[in-house]
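Asker: This is what each chain is made of:
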Amino acid sequence: MKRLTGAVVPLGAAFLAFLLGAIMILSLGASPANGLSAMLDGAFGTGDRIAATAVRATPLLLVGAGITIAFRASVINIGGEGQIIAGALLSTTVALVIPDTPRPLLIPIIILAGLVGGGIWGAIPGVLKAYASVNEILSTVMLNIVAIQLMNYLLRGPLIDPIEEGTSRIPQTQRLSDNAALPTLVDGTRLHLGVPIAILAAILVYLLLFRTPFGFRLRAVGHNPDAARAAGISVEKNIVSALGLSGALSGLAGVILVFGSESLRFVTDGSSAGFTGSAGFNGIVTALFGGLHPLWTIPSSFLFGSLLTGATELQRELQIPNALAIALNGLIVLFVVSSDRVRGWLDQRLDRSMKKGGGQ
Amino acid sequence: MSEFFTVSVIFATLSTSIRFAVPYLFAALGETVGQRSGVLNLGVDGIMLLGGFGAYYAVLQTDSHILGLLVGIAIGLLMGFVYAFVTVFLHAKQGISGIGIFLFGLGFSDLLFQELVGTPLPIRPLPRLDQLPVVGGLFEPLVDVAVIGPLLFDHDLLTFMAFLLVPAISWLLLKTTFGMNVRAVGENPQAADSLGVSVERTRFISILIGSTLAGVAGATLSLQLAIFQQNLTNGIGFIAVALVYFGAWRPRYVMAGALLYGIVTATRIRWQSLGIIPQGASDVAAMAPAIVTILALVLLASRVRGPAALTKPFSRH
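Note that the protein sequences, when read in sequence, are chains A and B. Reading the first sequence from the start, the letters are residues 1 to 360 in this note's numbering. Reading the second sequence from the start, the letters are residues 1001 to 1317 in this note's numbering.
Heads up, some of the hints might be wrong.
Below are the DSBU-like pairs computed for lysine-lysine, each with C-alpha atoms no more than 30 Å apart in a straight line [claimed, not checked]:
id	chain 1	residue 1	chain 2	residue 2
1	B	Lys1175	B	Lys1312
2	B	Lys1312	B	Lys1093
3	A	Lys237	B	Lys1093
4	A	Lys237	B	Lys1175
Reference listing, derived: stretches of chain B covered by chain A, where coverage requires no fewer than 3 residues with Cβ under 8 Å from a Cβ of chain A [what the hints assert, rightly or not]:
id	segment
5	1099-1111
6	1205-1217
7	1277-1284
Bear in mind the hints are in silico, worked out from the structure with no lab data behind them. From a predicted model like this one, the values you see are computed outputs, not experimental measurements. We put the beta carbon where it would ideally sit given N, CA and C, even for glycine.
Bound-form chain B, shown alone (with noise of 0.2 Å):
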């Protein structure tokens, strides 16, 4: 026991939780704004894993991450059409239209990566802040920080980003005019329409944001690990939407619950190889995030509400 109890051991756990929160907050966080403007996108998992393929294929390919970064960002903007489209215009139903989204993610993902890779063939990690080109050099002083060094600056460069996205979606939800525009017509779309804001237009552009974070998401996922592979998500995205409702649709809480997630997984693998946890209870351990997050669902279900008009397609009669 008292192995896990070391300052070193505890700071490197919680340095990986915060690796392991990068897939879920970037998905959370554009599930956040699409959800702010009324609409459910229930295919996060989906655009995922497509994402996912598009950005290791492209790093397998070229050997380049910034390249993977891109092609990841095209998926999730090329879904966001698809799923705008459906939703926006044929006011499809919205949360069986998410699970088309994913099934087709699902089954398109596997499809190219066995007709395309076959084997999961390992690609070229992701450098770390002090490994990166020109600017390394910068960071290295930093990593060698005792303690705090490795916690705050042993990461990859989209880690940053991740949590630097939490403040901007922040802003341009509280304060700026297309932020107020999504929240108008997430929360009462007839008068927003009345006072000459496209509600169409609001909501497909919110969509495009939340399925490119959602494609970026899934990028991150398959060059963090290096691999790709059948279902590779294993539902990250699917638990991303409950963590909108758990961080009541609000970025910072929704980063809270994110490093929630990636501590409870961090530590659930580190007591694992420590035999903390026996191997025959790791199982009964993974299901510790999900009765979590039912439970944190009952407790805030009634004293949080969301916005009016989630769900809800607008028309105007």
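Okay, chain A solo, but in the shape it has when bound (with noise of 0.2 Å):
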């Protein structure tokens, strides 16, 4: 029975910020049955539409799937913006400096740079966090900070694009080049490889977590540090590593971003989510949905990634600002959060219920 409230209790979560949703359309003058088509239609409409969903949910998933692992290390990461960033700077500017290596080696070589720009990003306030006390959630929203001026600069000024340069001044690279290209999987739509790669991602964290003993550590130190620092394992070394992990999954999520992009291009308008898409924090709400498990968190991806081009064609059909999405995720962010202790009261209810039914 508990099994089932654990499955019952996101559902409910998502259902009610649907009901506010629809409330929100219904009271900016549309029809909330008509919006909920456009979103469908926007999402799964054809099999290029639920190519494209599959692309909005990637960086979800690898975002998502780090931030499991921090959250069950207990740390929490809120620095997925920054950590997406510093990923996509680092193999944005490999690519850069050696455009013309063969294609079978420079997407490992960019994939690579992006983990270590992310990790090296996730690890920051892993150090500060386990050798000088820092509190993560706040030097995590510090370094976003840092990582967005950090982009700003160089995409207006050492990395920009030539032709911007005293032009029109777009913060934007070159077109990269095409041997860092991810290869389209399905001719005629969206789909490349980043997708199939960030579901291996997951089912990795999955494994490490789960299958290995430095998933066990990890996880010994996210439900007790005292307990496994008795046991002998250094709780420094695992917080680093959860964040320094999670990060580097962030990262990747930036290098597909840019690599995966129809221009090719590291672009953005000045903000973070100009680029990001607020993929940093929706990650989290994905992982949240998901449970915090990583293999949860795939489905829970596609979910969120059908919000959101569900929310574009609903501003296209019915000028409805898709800033719509973003609102709810918020909301189902604060129904997922607050529904352990409901949970908690409704497994005690069905047991009352159970022993007085008399039943199994």
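Once you've looked at the hints, go ahead and assemble the two chains, each given alone in its own frame, into the complex.
Answerer: Here is the structure:
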């Protein structure tokens, strides 16, 4: 029965959020039924749209899988945005320096660069927390700000597209090497190599967390640091690893955002969301909704990817701003994190009524 | 270079610094009360955005700044009820539920802005003290006092309220029964509970105070800038949360932190306009406050102890 309430509660939370979404659409003067059908059409209407939804889900899945590692070790990583940017910056720089490297070599290299860039950006708050007791929530938020400014500086300066320099100065790189472009998997759609890479990454995170001694130690630290320490596990090292790995996966999301994009450029509007689409925050929602389990994060990311592509269609068809999707994500976070205690009450109720009914 | 160091330029920059510090100050003072009671609210930025939009929209419609401020207060209070319910009664994890509030505020304020306003129409700027009706005349001679006058009196009323709030919050936390309860439930809720202090009620009210001030902070920002746009705060709310740690949970140090942020921001803008910071390096210069904050946290973290029960939900068993 516990398993049942475990599934009912997040779905109930999503249902409540969508109900509020319907009320918002209604109060904006549109019909919620039309809204829903526009969203479904936008997310799943054609093969191409399903592919676009999967592509939108990819950074959410990677960030989300990283979040599960951090949260399982009881560290809160709010630095997804900065880590995505760090991974994207390092991999873009590498692709600009060695553009003529053959594709089978260049793609693994840029992926590695992204993992390293994001990993470093994640490990910094890890080190600060483990060895200087700096609250990781604050340091990750501050490092987001630093990464955004670094991105703006590099994309308006050293990395700027030579054509943009001195003209409109849009912060973007030139078109990057075709050898670094993530290959398309299904012709005529935008489905690219990044999608299976992200799914594979989520499966690897699952194996790492639940099937290796390393994952066991990480979770032990998250569960009870004092007991873990008493058992000879280094709490400090595991905190750094958890945040570093979490950051590395976000960095990989940054690689996929750049090298899976149609324009094959690193482009922003000067804000973090202008590049990441707020994936660093939405990935947290994705992971929470997937119960902080790497495998459940896969369908969860697809759901939130469809919310994003659906919201784009909602804006096009019914002129409802797609900011609605972000507001709904916020509500879903609130409902999901509030549900633990509600779930406890539900379980108690169920236990009691089953005893009364003389059931199993 | 020398142009920057003339007395009048320095004082003008300081005067701007004071104004820039105000949204940080309101938000961080509110967060101080909440954290002293043991509750971290990471949603400040989202509440600021909602309060900021509400105040902007009210002024756009009615041209009344007082009404704008009241709308900001009401929105802050409302979001406070939501956050307090979620954290105090449902025991939601505070770091994450704050992100929920932030995302909701970010998205919903943008949604409302696009739907109700669309293009950023400017509103009537906030009057300075000497421009106020009735009492304005009293301040005119003060503003005219050389150097000090513009520095201290060439401000709007909200700026004064923010700085008056510093001793007021100190007094509330240190000298009143309520403040004693706040500190008690933030340090040792079990002990406070056994002495008959209601942990839930105390935290609930503390969150309401914090959230209301976040709403005021957002209203101040949009009224001072006389504009609203998507993500107007650009992270001010998050920095305000950091300022509470920075200020070691004491209102006067929190104020010092807010002023430092104001000075750094005002100086950067002034130096950019004077060409001391080259155009290309302005983004690098904008990193400075965040890096300074991280360094300050590194220096302070091992020396200063926060409320012992911070982020820990309370239940009676």
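Asker: State for each hint whether it applies.
Answerer: Status of the hints after comparison with the structure:
1. Lys1175/B with Lys1312/B: Since the Cα atoms of lysine 1175/B and lysine 1312/B sit roughly 25 Å apart, the hinted pair holds (cutoff 30 Å).
2. Lys1312/B with Lys1093/B: Holds. Lysine 1312/B to lysine 1093/B sits at ~8 Å (cutoff 30 Å).
3. Lys237/A with Lys1093/B: holds (24 Å)
4. Lys237/A with Lys1175/B: Distance ~44 Å between lysine 237/A and lysine 1175/B Cα, so the pair is violated.
5. 1099-1111: Holds, because 12 residues of the segment 1099-1111 of chain B bring their Cβ atoms closer than 8 Å to Cβ atoms of chain A.
6. 1205-1217: That given contact is violated, which follows from only 0 residues of the segment 1205-1217 of chain B lying within Cβ reach (below 8 Å) of chain A.
7. 1277-1284: As far as the segment 1277-1284 of chain B goes, the hint holds, because 4 residues have Cβ atoms under 8 Å from chain A.
This entry does not satisfy hints 4 and 6, going by the numbered hints stated previously.
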